[in-house]
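Q: Listed below, chain by chain, are the residues.
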Amino acid sequence: GAVVSQHPSWVICKSGTSVKIECRSLDFQATTMFWYRQFPKQSLMLMATSNEGSKATYEQGVEKDKFLINHASLTLSTLTVTSAHPEDSSFYICSASLPGANVLTFGAGSRLTVL
Amino acid sequence: GQSLEQPSEVTAVEGAIVQINCTYQTSGFYGLSWYQQHDGGAPTFLSYNALDGLEETGRFSSFLSRSDSYGYLLLQELQMKDSASYFCAVTRAGNMLTFGGGTRLMVKP
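Same order as they appear, the protein sequences are chains P and Y.
Under this note's numbering, think of the first position of the first sequence as 4, with each following residue one higher.
Under this note's numbering, think of the first position of the second sequence as 26, with each following residue one higher.
Don't take every hint at face value.
[Unchecked claim] Below 20 Å or equal to it, Euclidean Cα-Cα: the simulated DMTMM-like pairs (lysine to aspartate or glutamate) are: (1) K58(P) - E25(P); (2) K17(P) - D68(P); (3) K44(P) - D64(Y); (4) K44(P) - D93(Y); (5) K67(P) - D30(P); (6) K67(P) - E55(P); (7) K44(P) - E34(Y); (8) K69(P) - E90(P); (9) K133(Y) - D64(Y); (10) K133(Y) - E34(Y); (11) K23(P) - E90(P); (12) K44(P) - D107(Y).
Hints in this document: simulated from the structure, not taken from any laboratory.
Sequences are here, hints too, so could you generate the full structure?
A: So this is what it looks like as structure tokens:
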């Protein structure tokens with residue numbers, strides 16, 4: 004089955020610093036990966052669609068200059084939260100699907116706390 | 026725009042049957058999925074309905090009526106470990122998922 008690995012699982016950083024989160028498809032190639040954000044006791048909100056070899060597509064209201072997405076290979080997408088602030092503290096989750104499948108597999112998520 | 030409605034909380038006892046409903050309004054509908062998420066964990070896939078009808082997987086079943094823009098997840102023989110949040114999600118073009126607000130299920134002994 005499809006396995007998506009996400010790292011780090013949790014990170015604490017100071018306000019103003021940047022944090023990079025990695026998302027890897029371990030046993031399949033993913034031309035598309037999705038990044039979600041989830042605040043406590045809320046739903047998952049799609050932030051952006053990461054496309055291998057091209058620019059990410061951001062959802063309305065998501066600042067592309069703040070949430071940098073790079074999808075340089077078929078197995079790796081990264082999300083960099085730049086100049087993080089306390090309001091960016093959240094659970095960030097990536098997902099991908101096997102080619103032709105309708106099921107998304109999620110990474111374990113990365114809990115970001117900005118002090 | 027896209028919107029999905031599901032109850033925010035449901036409580037049931039062990040061994041019981043619970044149905045979690047989901048209604049949706051969306052463009053570009055491909056199917057309805059259900060995901061389970063335990064506190065602090067990532068969502069895990071439960072079921073997917075592209076066509077009308079009932080899909081059964083063990084203790085869990087999912088139903089879809091495209092004409093009514095409605096679906097439900099049925100959990101039978103509830104166990105304590107089923108306490109979690111359950112999300113319905115609409116699949117759109119390109120495998121994009123839009124999630125409902127989630128239903129927190131509490132199973133009591």
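Q: For a C-alpha distance cap of 20 Å, please report whether K67(P) and D30(P) respect it.
A: Status violated; Cα separation ~29 Å.
Q: Compare the distance between the alpha carbons of K69(P) and E90(P) with 20 Å, and conclude whether the hinted pair is satisfied.
A: holds, 12 Å
Q: Would the hint linking K44(P) and D107(Y) be met if the CA-CA limit is 20 Å?
A: Between K44(P) and D107(Y) the Cα gap is close to 17 Å, so the pair holds against 20 Å.
Q: Checking one constraint from the list: CA of K133(Y) to CA of E34(Y), max 20 Å. Satisfied?
A: Measuring from Cα to Cα gives roughly 13 Å; hence the hint holds.
Q: When you check the alpha-carbon spacing of K67(P) and E55(P), does it fall within 20 Å?
A: holds, 16 Å
Q: Run the distance test for K44(P) versus E34(Y): straight-line Cα separation, threshold 20 Å.
A: holds, 11 Å
Q: Check whether the Cα positions of K23(P) and E90(P) lie no farther apart than 20 Å.
A: Given pair K23(P), E90(P) holds - Cα atoms ~17 Å apart, limit 20 Å.
Q: Does D93(Y) lie within 20 Å of K44(P) when you go C-alpha to C-alpha?
A: Distance of about 28 Å is beyond 20 Å: violated.
Q: Does the structure keep K17(P) and D68(P) at a Cα separation of 20 Å or less?
A: holds, 19 Å
Q: Is it true that the CA of K44(P) sits at most 20 Å from the CA of D64(Y)?
A: This hinted pair holds, its Cα atoms lying about 9 Å apart.
Q: Starting from K58(P), check that the Cα of E25(P) is at most 20 Å away, please.
A: holds, 17 Å
Q: Would the hint linking K133(Y) and D64(Y) be met if the CA-CA limit is 20 Å?
A: Given that 20 Å is the threshold and the Cα spacing comes to 17 Å, the pair holds.
Violated hints, in rising order: 4, 5; the structure is consistent with all others.
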